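What follows is the residue order along each chain.
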Amino acid sequence: MTTGVNETAAARADSAPPTRSLADPRRTTWVVLMIFVAPALIVYGAMTAYPAFRTIYDSFFTIDGSDVSFVGWSNYRDLTGDETFWIAVRNTFIWSFVAPILDVATGLLLAVALYAGVPFARFLRVAWFTPVLLSYVVVAILWMWIYNYDWGVVNLGLRAVGLGWLASSWLGSPNLALGALIVTHAWKWAGFNMVVCLAAIHSLPGEVLEAAELDNCGWGAKLRWIIVPMLRPTLLNLYILAFIGKMKIFDLVWIMTGGGPLWATETVSTYVYKRAFNWNSFDLGYPSAIATVWFCVVCAAVVILNRLLRSTERLEY
Amino acid sequence: MAVVRLDRLSKRYGTLTVVDQVDLTVADGEFMVLLGPSGCGKSTTLRMIAGLETISSGNLSIDGRVVNDVPAKDRDIAMVFQSYALYPHMSVAENLAFGLRRRRIDRAEIDRRVADAARILGLEALLERKPAALSGGQRQRVALGRAMVREPMVFLFDEPLSNLDASLRVNTRNELIKQHRRLGSTMIYVTHDQVEAMTMGTRVCVMNNGRVAQIGAPLEVYWQPADTFVARFLGSPPMNLFTQPLMSDDGAYHIDSPTIRTPLVRWAPAALAPMAGRPVILGVRAEDLHLDAALCGDPVHGRLRGRAFAVEPLGAETLLAIETEGGIDCTARLPRDIRVAPGEMVDLCFAARAAYLFDAETGRAIPSFAP
Amino acid sequence: MAAIAMPRGFGRGALALVIGIYTIYTVAPFLWLASMSVRTTTEISFDHYAWPHPFHWEQFRIAWVDSDFATYFWNSTWVTVGAVAVVTLVGAAAAHALARYRFPGNRVIYGILFSSIIFPPQITLISLYQILVDYDLYNSLFGLMLVYISLQLPLTIYLLEGFFARIPQDLFDAAKMDGYGDIEIFVRIVLPIGMPAIATTLILNFIQLWNEFLFAVVLITDPEKRTLPIGIRAFMGDHFQDIGMIATGVMISVVPVILVYVFFSEKLIRGMTAGAIK
Numbered sequence: 000m001t002t003g004v005n006e007t008a009a010a011r012a013d014s015a016p017p018t019r020s021l022a023d024p025r026r027t028t029w030v031v032l033m034i035f036v037a038p039a040l041i042v043y044g045a046m047t048a049y050p051a052f053r054t055i056y057d058s059f060f061t062i063d064g065s066d067v068s069f070v071g072w073s074n075y076r077d078l079t080g081d082e083t084f085w086i087a088v089r090n091t092f093i094w095s096f097v098a099p100i101l102d103v104a105t106g107l108l109l110a111v112a113l114y115a116g117v118p119f120a121r122f123l124r125v126a127w128f129t130p131v132l133l134s135y136v137v138v139a140i141l142w143m144w145i146y147n148y149d150w151g152v153v154n155l156g157l158r159a160v161g162l163g164w165l166a167s168s169w170l171g172s173p174n175l176a177l178g179a180l181i182v183t184h185a186w187k188w189a190g191f192n193m194v195v196c197l198a199a200i201h202s203l204p205g206e207v208l209e210a211a212e213l214d215n216c217g218w219g220a221k222l223r224w225i226i227v228p229m230l231r232p233t234l235l236n237l238y239i240l241a242f243i244g245k246m247k248i249f250d251l252v253w254i255m256t257g258g259g260p261l262w263a264t265e266t267v268s269t270y271v272y273k274r275a276f277n278w279n280s281f282d283l284g285y286p287s288a289i290a291t292v293w294f295c296v297v298c299a300a301v302v303i304l305n306r307l308l309r310s311t312e313r314l315e316y
Numbered sequence: 000m001a002v003v004r005l006d007r008l009s010k011r012y013g014t015l016t017v018v019d020q021v022d023l024t025v026a027d028g029e030f031m032v033l034l035g036p037s038g039c040g041k042s043t044t045l046r047m048i049a050g051l052e053t054i055s056s057g058n059l060s061i062d063g064r065v066v067n068d069v070p071a072k073d074r075d076i077a078m079v080f081q082s083y084a085l086y087p088h089m090s091v092a093e094n095l096a097f098g099l100r101r102r103r104i105d106r107a108e109i110d111r112r113v114a115d116a117a118r119i120l121g122l123e124a125l126l127e128r129k130p131a132a133l134s135g136g137q138r139q140r141v142a143l144g145r146a147m148v149r150e151p152m153v154f155l156f157d158e159p160l161s162n163l164d165a166s167l168r169v170n171t172r173n174e175l176i177k178q179h180r181r182l183g184s185t186m187i188y189v190t191h192d193q194v195e196a197m198t199m200g201t202r203v204c205v206m207n208n209g210r211v212a213q214i215g216a217p218l219e220v221y222w223q224p225a226d227t228f229v230a231r232f233l234g235s236p237p238m239n240l241f242t243q244p245l246m247s248d249d250g251a252y253h254i255d256s257p258t259i260r261t262p263l264v265r266w267a268p269a270a271l272a273p274m275a276g277r278p279v280i281l282g283v284r285a286e287d288l289h290l291d292a293a294l295c296g297d298p299v300h301g302r303l304r305g306r307a308f309a310v311e312p313l314g315a316e317t318l319l320a321i322e323t324e325g326g327i328d329c330t331a332r333l334p335r336d337i338r339v340a341p342g343e344m345v346d347l348c349f350a351a352r353a354a355y356l357f358d359a360e361t362g363r364a365i366p367s368f369a370p
Numbered sequence: 000m001a002a003i004a005m006p007r008g009f010g011r012g013a014l015a016l017v018i019g020i021y022t023i024y025t026v027a028p029f030l031w032l033a034s035m036s037v038r039t040t041t042e043i044s045f046d047h048y049a050w051p052h053p054f055h056w057e058q059f060r061i062a063w064v065d066s067d068f069a070t071y072f073w074n075s076t077w078v079t080v081g082a083v084a085v086v087t088l089v090g091a092a093a094a095h096a097l098a099r100y101r102f103p104g105n106r107v108i109y110g111i112l113f114s115s116i117i118f119p120p121q122i123t124l125i126s127l128y129q130i131l132v133d134y135d136l137y138n139s140l141f142g143l144m145l146v147y148i149s150l151q152l153p154l155t156i157y158l159l160e161g162f163f164a165r166i167p168q169d170l171f172d173a174a175k176m177d178g179y180g181d182i183e184i185f186v187r188i189v190l191p192i193g194m195p196a197i198a199t200t201l202i203l204n205f206i207q208l209w210n211e212f213l214f215a216v217v218l219i220t221d222p223e224k225r226t227l228p229i230g231i232r233a234f235m236g237d238h239f240q241d242i243g244m245i246a247t248g249v250m251i252s253v254v255p256v257i258l259v260y261v262f263f264s265e266k267l268i269r270g271m272t273a274g275a276i277k
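Protein chains in written order, with numbering that gives the first Met the number 0: chain A, 0 to 316; chain B, 0 to 370; chain C, 0 to 277.
In case anyone wonders, no lab produced these hints; they're calculated from the structure. Please read all numbers here as calculations on a predicted model, not as lab measurements. Just so you know, even glycine gets a beta-carbon here, dropped at the ideal spot from N, CA and C. It is possible that some hints are incorrect.
Here are a few chain A residues that sit away from chain C, every Cβ distance over 12 Å (derived from the structure) [said to hold, decoys possible]:
id, residue
1, G163
2, L165
3, S172
Under the rule of at most 20 Å between Cα atoms (straight-line distance), these lysine to aspartate or glutamate pairs were calculated in the EDC-like manner [stated by the list, open to error]:
id, chain 1, residue 1, chain 2, residue 2
4, B, K129, B, E150
5, B, K72, B, E150
6, A, K273, A, D81
7, A, K273, A, D63
8, B, K72, C, D135
9, C, K224, C, D65
10, B, K72, C, D169
11, B, K129, C, D169
12, B, K72, B, D105
13, A, K273, A, D77
14, B, K72, B, D62
15, B, K72, A, D23
Looking at chain A on its own, in the form it has when it is part of the complex (with noise of 0.2 Å):
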C-alpha cells in the first residue's frame, strides 16, 4: 500500500528538495496506523465511551420504556435524600477502605513465609493461587454453604471445640454478614497479593537481606525496616489495585446476600443493579445517575490514591 507513494517520491527525488518521507521507521502513514488501531477504537467508542456518555445523559432523564422526560438535576436530588444510597456508600467505602489492608497483608505475610524457604514452595505458589482463578460465582456459592448456620463448617468447628454460643447465621444477621463478605473477598485475593509480593521480594537485592542478617535481625525485624519499606511502592499499587476492585464488588454480594439483610450489604453497584433491573420501578434514569456519581468518585479516588500515596520518592536501590 505504500508502493504508490514510494513511486512519486523516487520520481521527484532527482530536482525536488529533500521532503518527509516514511524513512524513519518508527514512523508510517495514517493509514497503516488506522488499519492497526481503528478496530480498537470502534470497540472502545462503540463500547466503552458512547454508553458511558449516553449514562451521564440519561441521568437527567426519567426513562420508562420509550416514556422518555427530561428531569434535569432532580435525579441527583433525590439521590442526596436516598438512604438506601447512603448506605450503600457507607458499606462500599468500608469494604474498599478496610478490606485490602485485609487483603494486602496477607498476602505479604504468605509471600515472606514461602520466601522464608519453606519446602514445596513452588508448589503451594499454584495451590495458594488457586482460589483468584474460581469465578465469584462459585466462591458464592462455596462460601455460602461454609457458612451455612446448620451444617457450615464455621459453625461445625465453633460447636466441636466448645464454643456453640458463638454459631451464627453469618450472612443472615445484619451485624456479621459485610464482615462475612470480605472474609470470602480476601479468601479469593490473598493468593493475588501474595504471588506479587513474592516476585517483589525476589526482586530485592539481595545483599540487602544478608546484610540485614549480619546485623542480626530476625525475620519480624527484617518485615518491619527492611521488607516493608522496601515494597512500599508494590504495596500501595497492591492496595490501589485492591481499592479499585472492591469499589465495583458486585456478584459476590448479589449472589451471597442479595445485598441483605436490611441493606447490611448493599454496595453501589447492588444498588445500581436493582434500581435498575430488579426493582420494578421502571426508571433507568435514576440508576444512571447513581451510576454517574459513581464513576467520577472511583476516578476521583483513584487519582487522589495515587496522588497521596506515591508522592514519596521512590526508593533506590
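Following the hints, complete the assembly by docking chains B and C onto the known chain A.
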C-alpha cells in the same frame, strides 16, 4: 559501480543538529570506517544511508542516483546491526532466506545463495538452529550471511563487533576483512574502536559532534591529525597536548617553558609568523617520548619535565604518567625495563620532528612540511 | 538467592504450622466441593463431609443432560472463545501500533484505551442494555460477545503493549530493509515473537470472561442462552436444596479453568499479576 556520495548530509531533531553537513564520497569497493565517540552522529549517518532515518537536508546518492526519498528496501543495501537483529522465531536458514523471499527471487536461487553463504561462513551445521541456540560469534556470522545473500551494492555495518568478547573480536575482524576482499563490495562500517578502524578501513572518516573531523587512510589520519580531537581520539594513550606561547628568536621559532621546550623544525617560518607570541597547542604522542638523559640535554631535541605519579607496567611496555609544572598530566609509553619511582622528577625527551602544532583557538593543525 | 537463613527450631515449626493451616484453608473448600459433586443430595444431607461412597459419576451426566448444563457450557464456550479471539487480535494490532510507531496522540490514545480499566461497570451497564435492545442484540450471545470484547480490551492492550515495546527496534529495521511492509512485519515478526505474551493474554482473557457474571445476568434472560455462571445461579434459584446437583454444575464450570491452570499455571500467574508488579 557503487559509489556512495554524501553531499552536505544533515540530520536535525527540532533544533538539535545530530549530523551537520557531512560530505563524504565512498569509492566503489572501498571499506570506509566511520569512527567517533558515542553521540558523534556516525550511527545516524549510517542509518540515513540505510534509509532508516529521514534526511533533513543534503543529498545522498548511491551509484549516481539520488536516493533521499527511496525507501530502504529499494536502495539495494544490506545492513548488519549491532544487536544482529536475527529473527528469534526463525531458524538460521529462514533468517538467511527471509530477505530474499520478498524479492521475487526463485526458490532454487534462494537455496543456492543460502547454501553458499552458509558454506563460506561455516554455518552449514547450524542451519536448522534458532538464534537462541547460537553463540555470539555464530550469531554475528549469521547476521553477516543475511547481508551477503542479498548480494547488495553496499554493505553497512553498525558496530557489529561490539557485542563480542576480545578474542572473538579479533577473529571476526579478520573474517570481515577476508569477506571484503572476496566480495569487493562497497562497505561502510561504523565503530568507536580505533583498532577496528585502523586495521579494517581502506579509509577512515573521523566524526565529532555531527561533523566530519578528518577523512583519510588510517595511517594518514594517525600521523597527520587534522585537529586536536583527531589527535587525541586516535592513539592509546591519547596524544599529550600543551598550550604554550610560541616564541621567536631571530626568525627561528620554538617553544620554551619550564614544562616543555622544543625547537620547531617542521614548519616554515612564514607559517608560524602570524602566531608569534600567542599561545599554540603543542602535541607529542606517548610513544615518541623517551627517558634518555643525554638526549634531553641536547637543545636540538624536545624536552618535557614533570613529576612521575603513576608507573603502569603492562608487560611489553610501561606507561609512565607525569604531572608537569603547569598541572597538565602527560603519559609516556616507555620500554618495559625502565625504573622510575612515583614522586621522582623526570625529564622526557622527544625528537623535534615528532612535535605537532595546533591553533589554540580553532584546534586545527598548523600545516607543516612532510612528516 | 536461597542463601537466606531458614528460621530454626520453634520458629520453623510455627512457620510450617501456619503454612499448613493456610494451605488447608485455600484448598479444602475446593476439595469439599469436588467431593460433593460426585455424591447425591440425599447422601450429602446425611453427612456433608463424608468421603464419596460410591462415586456417583452419573451426577455429571444428569447435570449435563437433564439440568441443561451442556447448553450453558456450550454457550459459555462460544461466547468466551469468540470474544477472546477477537479481542486478542484487535488488541494486539492496537498494542503494536502504540508500542512501535511515533505519531501525535499516541500516548493520549493509549491513555484513553487503558484508563477504562478503572471504570465501574455500571457506567456502561445500563446504556449497553439499552443499546443492545435498540439493535436487537439483547438476549443474544453475539451481543454478549461484543460486550465481552470491549470489557477485555484495556487489559489486552496494556499487557501486549508492554511486551511489544520491548521487542528490539533493530528487528523492525532489519525487516524493513529486507523489504517487508508494516502489516507484513506485524504478521510475520511481531505476532510470532509476541506469542508468549499473546498466549498469556489469551488465557487470562479466557478465564476472566468464562467467569463473568454481571453483564451476562443483565443482558441474557433467555434460559436457552445462559452462560455457565448465570446458569448455575439460575439453577440454584430453582433448586436451592439440591446441593449435590449444584456442586456438580459448579464443577462443570470449574473444570476448564482448572485444566487451563494445570497446563499454564506460570503463564497465568504472570499474566494476572503483570499489572501490579512494578
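Hint check results:
1. G163: 17 Å, holds
2. L165: 19 Å, holds
3. S172: 20 Å, holds
4. B:K129 - B:E150: With Cα atoms ~23 Å apart, K129 of chain B and E150 of chain B exceed 20 Å; violated.
5. B:K72 - B:E150: 13 Å, holds
6. A:K273 - A:D81: Within the cut-off at roughly 14 Å; holds.
7. A:K273 - A:D63: Given pair K273 of chain A, D63 of chain A holds - Cα atoms ~15 Å apart, limit 20 Å.
8. B:K72 - C:D135: 50 Å, violated
9. C:K224 - C:D65: The given pair, whose Cα atoms are some 16 Å apart, holds under the 20 Å limit.
10. B:K72 - C:D169: 15 Å, holds
11. B:K129 - C:D169: 18 Å, holds
12. B:K72 - B:D105: 18 Å, holds
13. A:K273 - A:D77: 16 Å, holds
14. B:K72 - B:D62: The hint holds at about 16 Å.
15. B:K72 - A:D23: 13 Å, holds
Against the hints set out earlier in the document, violations occur for numbers 4, 8.
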